[in-house]
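Just so you know, we're using the working numbering here: the sequence shown kicks off at 1 and counts up by one.
Hints were generated in silico from the structure; no laboratory data involved. Since no wrong hints were added, every one of them can be taken at face value.
The following label-pair restraints were derived from C-beta to C-beta distances: (1) Gln206 - Asp55: 51 to 57 Å; (2) Asp326 - Gly101: 20 to 26 Å; (3) Ser357 - Thr290: 55 to 61 Å.
Dumping the calculated DSSO-like pairs for lysine-lysine here, alpha-carbon to alpha-carbon at most 27 Å: (4) Lys307 - Lys112; (5) Lys129 - Lys282; (6) Lys241 - Lys282; (7) Lys293 - Lys307; (8) Lys176 - Lys61; (9) Lys241 - Lys198; (10) Lys210 - Lys293.
For every residue, glycine included, the Cβ atom is placed at its ideal position computed from N, Cα and C.
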Amino acid sequence: MYRISTIMHSQNMQKDMMRLEGKIFNTNNKISSGIAFTRPSEDPENFLSTLRFRDSLDSVKKYMNNAQNAKEHLDYIDSSLNHMTQIFQRLRELVIQGANGTLDINDRENIKKEVLQLTAEIANTANEKYNGKYLFSGFEILRPPFILTSIDGELQSVFYVGDTGEMTADIGDSNKIAFTIPGNKIFYSENQTIIPSKNLSNFIVQNDSKIRINNIDINLYKGDTLDVIIERINRANAGVKANFDINTQEFYIETLYPHQPFLEDIDGTILQDMGIIDNIGKPPSNISYTARKYGGSLFDQLINFSKALDSNDIESLSTRTLAFMDQSLENILRYQSEVGARAQRADLAIGQYENLSVLFQDQLSNALETDVTKAITDLKSFELMHQATLQIGSKIYDLTLLNFLK
1 MYRISTIMHS QNMQKDMMRL EGKIFNTNNK ISSGIAFTRP SEDPENFLST LRFRDSLDSV
61 KKYMNNAQNA KEHLDYIDSS LNHMTQIFQR LRELVIQGAN GTLDINDREN IKKEVLQLTA
121 EIANTANEKY NGKYLFSGFE ILRPPFILTS IDGELQSVFY VGDTGEMTAD IGDSNKIAFT
181 IPGNKIFYSE NQTIIPSKNL SNFIVQNDSK IRINNIDINL YKGDTLDVII ERINRANAGV
241 KANFDINTQE FYIETLYPHQ PFLEDIDGTI LQDMGIIDNI GKPPSNISYT ARKYGGSLFD
301 QLINFSKALD SNDIESLSTR TLAFMDQSLE NILRYQSEVG ARAQRADLAI GQYENLSVLF
361 QDQLSNALET DVTKAITDLK SFELMHQATL QIGSKIYDLT LLNFLK
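Sequences are here, hints too, so could you generate the full structure?
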(Lines of atoms letter the chains of each structure in order from A and count residues from 1; the text may use other names and numbers.)
(Lines give C-alpha, C1' and ligand atoms only; values in the text may rest on other atoms or scores of the structure.)
Protein backbone atom coordinates (compact mmCIF):
# COMPACT_ATOMS: atom_id res chain seq x y z
CA MET A 1 0.00 0.00 0.00
CA TYR A 2 1.36 3.40 -1.02
CA ARG A 3 1.03 6.57 0.92
CA ILE A 4 0.05 9.40 -1.39
CA SER A 5 0.53 12.87 -0.06
CA THR A 6 -0.52 16.24 -1.39
CA ILE A 7 3.05 17.03 -2.34
CA MET A 8 3.16 14.02 -4.69
CA HIS A 9 0.08 15.26 -6.51
CA SER A 10 1.67 18.67 -6.75
CA GLN A 11 4.96 17.36 -8.13
CA ASN A 12 3.28 15.13 -10.73
CA MET A 13 1.02 17.97 -11.76
CA GLN A 14 3.99 20.30 -12.20
CA LYS A 15 5.86 17.72 -14.29
CA ASP A 16 2.87 17.19 -16.58
CA MET A 17 2.33 20.91 -16.96
CA MET A 18 6.01 21.55 -17.72
CA ARG A 19 5.97 18.72 -20.28
CA LEU A 20 2.88 20.12 -21.99
CA GLU A 21 4.18 23.68 -21.86
CA GLY A 22 7.42 22.45 -23.46
CA LYS A 23 5.47 20.79 -26.26
CA ILE A 24 3.37 23.92 -26.76
CA PHE A 25 6.54 26.03 -26.84
CA ASN A 26 8.28 23.72 -29.37
CA THR A 27 5.19 23.47 -31.57
CA ASN A 28 4.79 27.25 -31.55
CA ASN A 29 8.45 27.54 -32.60
CA LYS A 30 7.92 25.07 -35.44
CA ILE A 31 4.96 27.07 -36.73
CA SER A 32 6.62 30.48 -36.42
CA SER A 33 10.04 29.44 -37.81
CA GLY A 34 8.79 26.99 -40.42
CA ILE A 35 11.52 24.50 -39.40
CA ALA A 36 10.42 21.05 -38.28
CA PHE A 37 13.23 20.57 -35.76
CA THR A 38 16.14 22.49 -34.27
CA ARG A 39 18.03 19.54 -32.78
CA PRO A 40 18.73 16.10 -34.30
CA SER A 41 17.25 14.46 -31.21
CA GLU A 42 13.84 16.00 -31.95
CA ASP A 43 13.46 14.00 -35.20
CA PRO A 44 16.43 11.66 -35.85
CA GLU A 45 14.89 10.05 -38.95
CA ASN A 46 14.16 13.34 -40.71
CA PHE A 47 17.52 14.72 -39.62
CA LEU A 48 19.35 11.85 -41.37
CA SER A 49 17.14 12.36 -44.42
CA THR A 50 18.10 16.04 -44.62
CA LEU A 51 21.79 15.12 -44.48
CA ARG A 52 21.33 12.70 -47.39
CA PHE A 53 19.33 15.19 -49.43
CA ARG A 54 21.87 17.97 -48.79
CA ASP A 55 24.75 15.71 -49.87
CA SER A 56 22.82 14.73 -53.00
CA LEU A 57 21.99 18.37 -53.72
CA ASP A 58 25.63 19.42 -53.33
CA SER A 59 26.75 16.68 -55.73
CA VAL A 60 24.09 17.64 -58.26
CA LYS A 61 25.10 21.32 -58.12
CA LYS A 62 28.79 20.41 -58.53
CA TYR A 63 28.17 18.15 -61.51
CA MET A 64 25.77 20.66 -63.08
CA ASN A 65 28.32 23.49 -62.75
CA ASN A 66 30.98 21.24 -64.31
CA ALA A 67 28.66 20.36 -67.19
CA GLN A 68 27.79 24.02 -67.75
CA ASN A 69 31.48 24.99 -67.76
CA ALA A 70 32.27 22.19 -70.24
CA LYS A 71 29.34 23.23 -72.45
CA GLU A 72 30.55 26.84 -72.55
CA HIS A 73 34.07 25.74 -73.56
CA LEU A 74 32.73 23.39 -76.22
CA ASP A 75 30.42 26.05 -77.64
CA TYR A 76 33.36 28.45 -77.91
CA ILE A 77 35.50 25.81 -79.66
CA ASP A 78 32.61 25.04 -82.01
CA SER A 79 32.40 28.73 -82.90
CA SER A 80 36.16 28.81 -83.60
CA LEU A 81 35.97 25.70 -85.79
CA ASN A 82 33.00 27.12 -87.65
CA HIS A 83 35.05 30.25 -88.38
CA MET A 84 37.92 28.08 -89.63
CA THR A 85 35.54 26.14 -91.87
CA GLN A 86 34.46 29.37 -93.53
CA ILE A 87 38.11 30.40 -93.97
CA PHE A 88 39.06 27.11 -95.64
CA GLN A 89 36.06 27.25 -97.92
CA ARG A 90 37.33 30.62 -99.09
CA LEU A 91 40.90 29.28 -99.38
CA ARG A 92 39.62 26.46 -101.55
CA GLU A 93 38.06 29.02 -103.88
CA LEU A 94 41.39 30.85 -104.01
CA VAL A 95 43.22 27.62 -104.91
CA ILE A 96 40.89 27.13 -107.86
CA GLN A 97 41.44 30.74 -108.92
CA GLY A 98 45.20 30.42 -108.52
CA ALA A 99 45.26 27.26 -110.65
CA ASN A 100 43.94 29.26 -113.60
CA GLY A 101 46.86 29.45 -116.00
CA THR A 102 45.68 32.73 -117.51
CA LEU A 103 46.38 34.81 -114.38
CA ASP A 104 49.14 37.36 -114.54
CA ILE A 105 51.59 38.18 -111.75
CA ASN A 106 49.35 40.93 -110.30
CA ASP A 107 46.38 38.58 -110.08
CA ARG A 108 48.47 35.98 -108.29
CA GLU A 109 49.85 38.63 -105.94
CA ASN A 110 46.32 39.72 -105.00
CA ILE A 111 45.37 36.11 -104.31
CA LYS A 112 48.50 35.68 -102.20
CA LYS A 113 47.68 38.77 -100.11
CA GLU A 114 44.28 37.32 -99.26
CA VAL A 115 45.86 33.93 -98.51
CA LEU A 116 48.27 35.61 -96.07
CA GLN A 117 45.40 37.45 -94.37
CA LEU A 118 43.38 34.26 -94.00
CA THR A 119 46.45 32.39 -92.74
CA ALA A 120 46.92 35.08 -90.08
CA GLU A 121 43.28 34.58 -89.01
CA ILE A 122 43.86 30.84 -88.65
CA ALA A 123 47.00 31.55 -86.62
CA ASN A 124 44.99 33.82 -84.31
CA THR A 125 42.39 31.09 -83.91
CA ALA A 126 45.10 28.52 -83.12
CA ASN A 127 46.37 30.69 -80.24
CA GLU A 128 42.93 31.74 -79.05
CA LYS A 129 42.05 32.08 -75.37
CA TYR A 130 38.88 31.45 -73.41
CA ASN A 131 38.62 32.87 -69.89
CA GLY A 132 42.33 33.67 -69.98
CA LYS A 133 43.39 30.11 -70.92
CA TYR A 134 44.58 28.84 -74.28
CA LEU A 135 42.05 26.58 -75.93
CA PHE A 136 44.30 24.34 -78.01
CA SER A 137 47.38 23.83 -75.79
CA GLY A 138 46.26 20.58 -74.19
CA PHE A 139 47.20 20.79 -70.50
CA GLU A 140 49.63 23.67 -71.19
CA ILE A 141 46.78 26.17 -70.86
CA LEU A 142 48.93 29.12 -69.76
CA ARG A 143 51.13 29.33 -72.84
CA PRO A 144 50.29 29.67 -76.55
CA PRO A 145 50.23 26.32 -78.34
CA PHE A 146 51.90 27.52 -81.53
CA ILE A 147 55.10 29.49 -82.07
CA LEU A 148 54.89 31.26 -85.41
CA THR A 149 57.74 32.90 -87.29
CA SER A 150 56.97 35.49 -89.96
CA ILE A 151 59.07 37.67 -92.23
CA ASP A 152 57.45 40.80 -93.70
CA GLY A 153 54.03 39.49 -92.71
CA GLU A 154 54.56 36.16 -94.47
CA LEU A 155 54.48 33.02 -92.35
CA GLN A 156 57.73 31.05 -92.48
CA SER A 157 57.44 28.32 -89.85
CA VAL A 158 55.12 27.05 -87.13
CA PHE A 159 55.92 24.83 -84.13
CA TYR A 160 53.42 23.21 -81.79
CA VAL A 161 54.61 23.48 -78.17
CA GLY A 162 51.47 22.29 -76.38
CA ASP A 163 50.84 18.69 -75.39
CA THR A 164 48.30 15.97 -76.18
CA GLY A 165 46.16 16.43 -73.07
CA GLU A 166 42.43 17.00 -73.11
CA MET A 167 40.87 18.88 -70.19
CA THR A 168 38.01 16.91 -68.64
CA ALA A 169 35.16 17.65 -66.26
CA ASP A 170 33.37 15.28 -63.87
CA ILE A 171 29.69 15.35 -64.80
CA GLY A 172 28.68 12.34 -62.71
CA ASP A 173 30.01 9.42 -60.73
CA SER A 174 32.69 7.85 -62.95
CA ASN A 175 31.45 10.05 -65.80
CA LYS A 176 33.84 12.51 -67.42
CA ILE A 177 33.60 14.70 -70.50
CA ALA A 178 36.54 16.18 -72.42
CA PHE A 179 35.97 19.84 -73.25
CA THR A 180 39.17 20.69 -75.15
CA ILE A 181 40.99 19.29 -78.19
CA PRO A 182 44.76 19.76 -78.48
CA GLY A 183 46.16 21.68 -81.43
CA ASN A 184 48.27 18.75 -82.61
CA LYS A 185 45.00 17.20 -83.84
CA ILE A 186 42.87 20.06 -85.17
CA PHE A 187 45.59 21.91 -87.04
CA TYR A 188 46.89 18.92 -88.99
CA SER A 189 45.31 17.79 -92.23
CA GLU A 190 47.58 14.92 -93.29
CA ASN A 191 48.68 11.65 -91.76
CA GLN A 192 52.24 11.90 -90.52
CA THR A 193 54.92 9.32 -91.37
CA ILE A 194 58.28 8.91 -89.62
CA ILE A 195 60.98 6.71 -91.18
CA PRO A 196 64.22 6.29 -89.18
CA SER A 197 67.43 6.11 -91.20
CA LYS A 198 68.67 3.00 -89.38
CA ASN A 199 68.26 -0.53 -90.70
CA LEU A 200 66.16 -2.14 -87.98
CA SER A 201 65.47 -5.53 -89.56
CA ASN A 202 67.56 -7.30 -86.88
CA PHE A 203 66.73 -4.96 -84.00
CA ILE A 204 66.23 -6.67 -80.62
CA VAL A 205 65.25 -5.07 -77.29
CA GLN A 206 68.20 -5.45 -74.89
CA ASN A 207 66.41 -4.60 -71.63
CA ASP A 208 62.87 -4.29 -70.36
CA SER A 209 61.69 -0.84 -71.44
CA LYS A 210 58.67 1.42 -71.72
CA ILE A 211 57.81 3.86 -74.50
CA ARG A 212 54.96 6.35 -74.69
CA ILE A 213 53.04 7.21 -77.85
CA ASN A 214 50.32 9.86 -77.68
CA ASN A 215 50.03 9.41 -73.89
CA ILE A 216 49.69 5.62 -74.19
CA ASP A 217 52.38 3.61 -72.37
CA ILE A 218 53.70 0.53 -74.17
CA ASN A 219 55.86 -2.05 -72.37
CA LEU A 220 58.65 -3.77 -74.28
CA TYR A 221 60.63 -6.69 -72.92
CA LYS A 222 64.14 -8.02 -73.27
CA GLY A 223 64.40 -10.18 -76.38
CA ASP A 224 61.49 -8.55 -78.25
CA THR A 225 62.22 -8.53 -81.99
CA LEU A 226 61.08 -5.86 -84.43
CA ASP A 227 57.97 -7.91 -85.30
CA VAL A 228 57.00 -8.04 -81.62
CA ILE A 229 57.63 -4.29 -81.21
CA ILE A 230 55.38 -3.60 -84.21
CA GLU A 231 52.67 -5.85 -82.77
CA ARG A 232 52.81 -4.19 -79.34
CA ILE A 233 52.59 -0.70 -80.85
CA ASN A 234 49.67 -1.61 -83.11
CA ARG A 235 47.76 -3.30 -80.27
CA ALA A 236 48.10 -0.23 -78.02
CA ASN A 237 45.49 1.83 -79.93
CA ALA A 238 47.74 4.88 -79.69
CA GLY A 239 46.57 6.46 -82.94
CA VAL A 240 49.57 5.22 -84.94
CA LYS A 241 50.48 2.17 -87.00
CA ALA A 242 53.96 0.64 -87.08
CA ASN A 243 55.10 -1.41 -90.05
CA PHE A 244 58.13 -2.79 -91.89
CA ASP A 245 58.45 -2.45 -95.66
CA ILE A 246 60.10 -5.66 -96.89
CA ASN A 247 60.90 -4.03 -100.22
CA THR A 248 62.83 -1.06 -98.85
CA GLN A 249 63.79 -2.81 -95.59
CA GLU A 250 62.52 0.25 -93.70
CA PHE A 251 60.60 0.46 -90.45
CA TYR A 252 58.11 3.32 -90.21
CA ILE A 253 55.43 4.77 -87.96
CA GLU A 254 52.36 6.34 -89.54
CA THR A 255 49.46 8.13 -87.87
CA LEU A 256 46.00 6.65 -88.36
CA TYR A 257 44.38 10.08 -88.60
CA PRO A 258 45.77 13.59 -89.17
CA HIS A 259 47.69 14.66 -86.07
CA GLN A 260 51.24 15.27 -84.88
CA PRO A 261 52.37 12.21 -82.89
CA PHE A 262 54.07 12.48 -79.49
CA LEU A 263 56.81 9.87 -79.03
CA GLU A 264 59.05 9.47 -75.97
CA ASP A 265 61.11 6.96 -74.01
CA ILE A 266 59.87 6.47 -70.45
CA ASP A 267 62.13 3.63 -69.25
CA GLY A 268 65.17 2.90 -71.39
CA THR A 269 66.18 4.37 -74.75
CA ILE A 270 64.40 2.15 -77.29
CA LEU A 271 63.06 4.94 -79.53
CA GLN A 272 66.45 6.65 -79.45
CA ASP A 273 68.23 3.39 -80.26
CA MET A 274 65.88 2.92 -83.21
CA GLY A 275 66.73 6.39 -84.51
CA ILE A 276 63.15 7.65 -84.16
CA ILE A 277 63.76 10.38 -81.56
CA ASP A 278 66.74 12.30 -80.19
CA ASN A 279 67.60 12.68 -76.51
CA ILE A 280 67.11 16.45 -76.63
CA GLY A 281 63.92 18.43 -76.75
CA LYS A 282 60.43 17.36 -75.76
CA PRO A 283 57.65 15.88 -77.87
CA PRO A 284 56.73 16.61 -80.60
CA SER A 285 60.01 18.44 -81.33
CA ASN A 286 62.21 15.48 -80.40
CA ILE A 287 61.90 13.54 -83.69
CA SER A 288 65.41 12.57 -84.82
CA TYR A 289 66.94 14.96 -87.33
CA THR A 290 68.19 11.90 -89.26
CA ALA A 291 64.66 10.47 -89.67
CA ARG A 292 62.56 11.29 -92.72
CA LYS A 293 59.24 12.94 -91.94
CA TYR A 294 56.23 13.28 -94.22
CA GLY A 295 53.02 15.20 -93.71
CA GLY A 296 52.69 18.67 -92.27
CA SER A 297 50.36 20.97 -90.40
CA LEU A 298 47.75 23.27 -91.88
CA PHE A 299 50.30 26.03 -91.65
CA ASP A 300 52.95 24.06 -93.56
CA GLN A 301 50.49 23.53 -96.39
CA LEU A 302 49.42 27.19 -96.41
CA ILE A 303 53.09 28.18 -96.63
CA ASN A 304 53.42 25.83 -99.62
CA PHE A 305 50.29 27.39 -101.13
CA SER A 306 51.92 30.83 -101.03
CA LYS A 307 55.11 29.45 -102.57
CA ALA A 308 53.14 27.77 -105.37
CA LEU A 309 51.50 31.11 -106.15
CA ASP A 310 54.92 32.79 -106.26
CA SER A 311 56.27 30.19 -108.69
CA ASN A 312 53.00 29.87 -110.63
CA ASP A 313 53.09 26.11 -110.05
CA ILE A 314 49.76 25.29 -111.68
CA GLU A 315 50.18 21.53 -111.31
CA SER A 316 50.82 21.75 -107.56
CA LEU A 317 47.89 24.13 -107.04
CA SER A 318 45.43 22.01 -109.00
CA THR A 319 46.44 18.70 -107.40
CA ARG A 320 48.24 18.66 -104.06
CA THR A 321 47.09 22.06 -102.74
CA LEU A 322 43.47 21.45 -103.72
CA ALA A 323 43.55 17.99 -102.12
CA PHE A 324 45.04 19.55 -98.99
CA MET A 325 42.13 22.02 -98.75
CA ASP A 326 39.63 19.18 -99.01
CA GLN A 327 41.48 17.17 -96.35
CA SER A 328 41.64 20.20 -94.06
CA LEU A 329 37.93 20.87 -94.38
CA GLU A 330 37.15 17.22 -93.74
CA ASN A 331 39.36 17.16 -90.63
CA ILE A 332 37.88 20.37 -89.21
CA LEU A 333 34.32 19.17 -89.85
CA ARG A 334 35.13 15.85 -88.17
CA TYR A 335 36.28 17.61 -85.00
CA GLN A 336 33.39 20.04 -85.19
CA SER A 337 31.04 17.06 -85.23
CA GLU A 338 32.88 15.56 -82.25
CA VAL A 339 32.67 18.84 -80.34
CA GLY A 340 28.95 19.05 -81.13
CA ALA A 341 28.39 15.53 -79.79
CA ARG A 342 30.25 16.38 -76.58
CA ALA A 343 28.27 19.62 -76.18
CA GLN A 344 25.01 17.71 -76.62
CA ARG A 345 26.11 15.24 -73.96
CA ALA A 346 26.91 18.11 -71.58
CA ASP A 347 23.54 19.69 -72.37
CA LEU A 348 21.71 16.46 -71.55
CA ALA A 349 23.60 16.27 -68.24
CA ILE A 350 22.62 19.87 -67.42
CA GLY A 351 18.94 19.10 -68.08
CA GLN A 352 19.10 15.95 -65.97
CA TYR A 353 20.73 17.75 -63.04
CA GLU A 354 18.29 20.65 -63.22
CA ASN A 355 15.44 18.15 -62.75
CA LEU A 356 17.30 16.33 -59.96
CA SER A 357 18.04 19.65 -58.25
CA VAL A 358 14.33 20.48 -58.10
CA LEU A 359 13.52 16.96 -56.88
CA PHE A 360 16.12 16.94 -54.09
CA GLN A 361 15.21 20.50 -53.07
CA ASP A 362 11.57 19.46 -52.70
CA GLN A 363 12.56 16.39 -50.70
CA LEU A 364 14.81 18.49 -48.46
CA SER A 365 12.01 20.99 -47.91
CA ASN A 366 9.58 18.21 -47.03
CA ALA A 367 12.02 16.78 -44.49
CA LEU A 368 13.09 20.13 -43.04
CA GLU A 369 10.02 22.35 -43.17
CA THR A 370 7.16 22.23 -40.70
CA ASP A 371 3.95 20.46 -41.65
CA VAL A 372 1.82 23.45 -40.60
CA THR A 373 -1.52 21.60 -40.68
CA LYS A 374 -0.22 18.83 -38.43
CA ALA A 375 1.59 21.32 -36.16
CA ILE A 376 -1.57 23.42 -35.61
CA THR A 377 -3.57 20.27 -34.85
CA ASP A 378 -0.91 19.16 -32.36
CA LEU A 379 -0.82 22.63 -30.80
CA LYS A 380 -4.59 22.65 -30.23
CA SER A 381 -4.36 19.17 -28.72
CA PHE A 382 -1.55 20.20 -26.36
CA GLU A 383 -3.44 23.36 -25.35
CA LEU A 384 -6.57 21.34 -24.53
CA MET A 385 -4.52 18.90 -22.45
CA HIS A 386 -2.84 21.85 -20.72
CA GLN A 387 -6.20 23.43 -19.87
CA ALA A 388 -7.55 20.11 -18.62
CA THR A 389 -4.49 19.64 -16.44
CA LEU A 390 -4.95 23.12 -14.98
CA GLN A 391 -8.60 22.43 -14.21
CA ILE A 392 -7.82 19.10 -12.54
CA GLY A 393 -4.98 20.72 -10.63
CA SER A 394 -7.17 23.49 -9.30
CA LYS A 395 -9.59 20.92 -7.85
CA ILE A 396 -6.85 18.80 -6.33
CA TYR A 397 -5.06 21.78 -4.82
CA ASP A 398 -8.37 22.95 -3.32
CA LEU A 399 -8.76 19.69 -1.33
CA THR A 400 -6.26 19.81 1.55
CA LEU A 401 -6.39 18.90 5.28
CA LEU A 402 -7.23 22.52 6.10
CA ASN A 403 -10.60 22.11 4.40
CA PHE A 404 -11.60 19.63 7.12
CA LEU A 405 -10.14 21.41 10.21
CA LYS A 406 -13.17 23.53 10.90
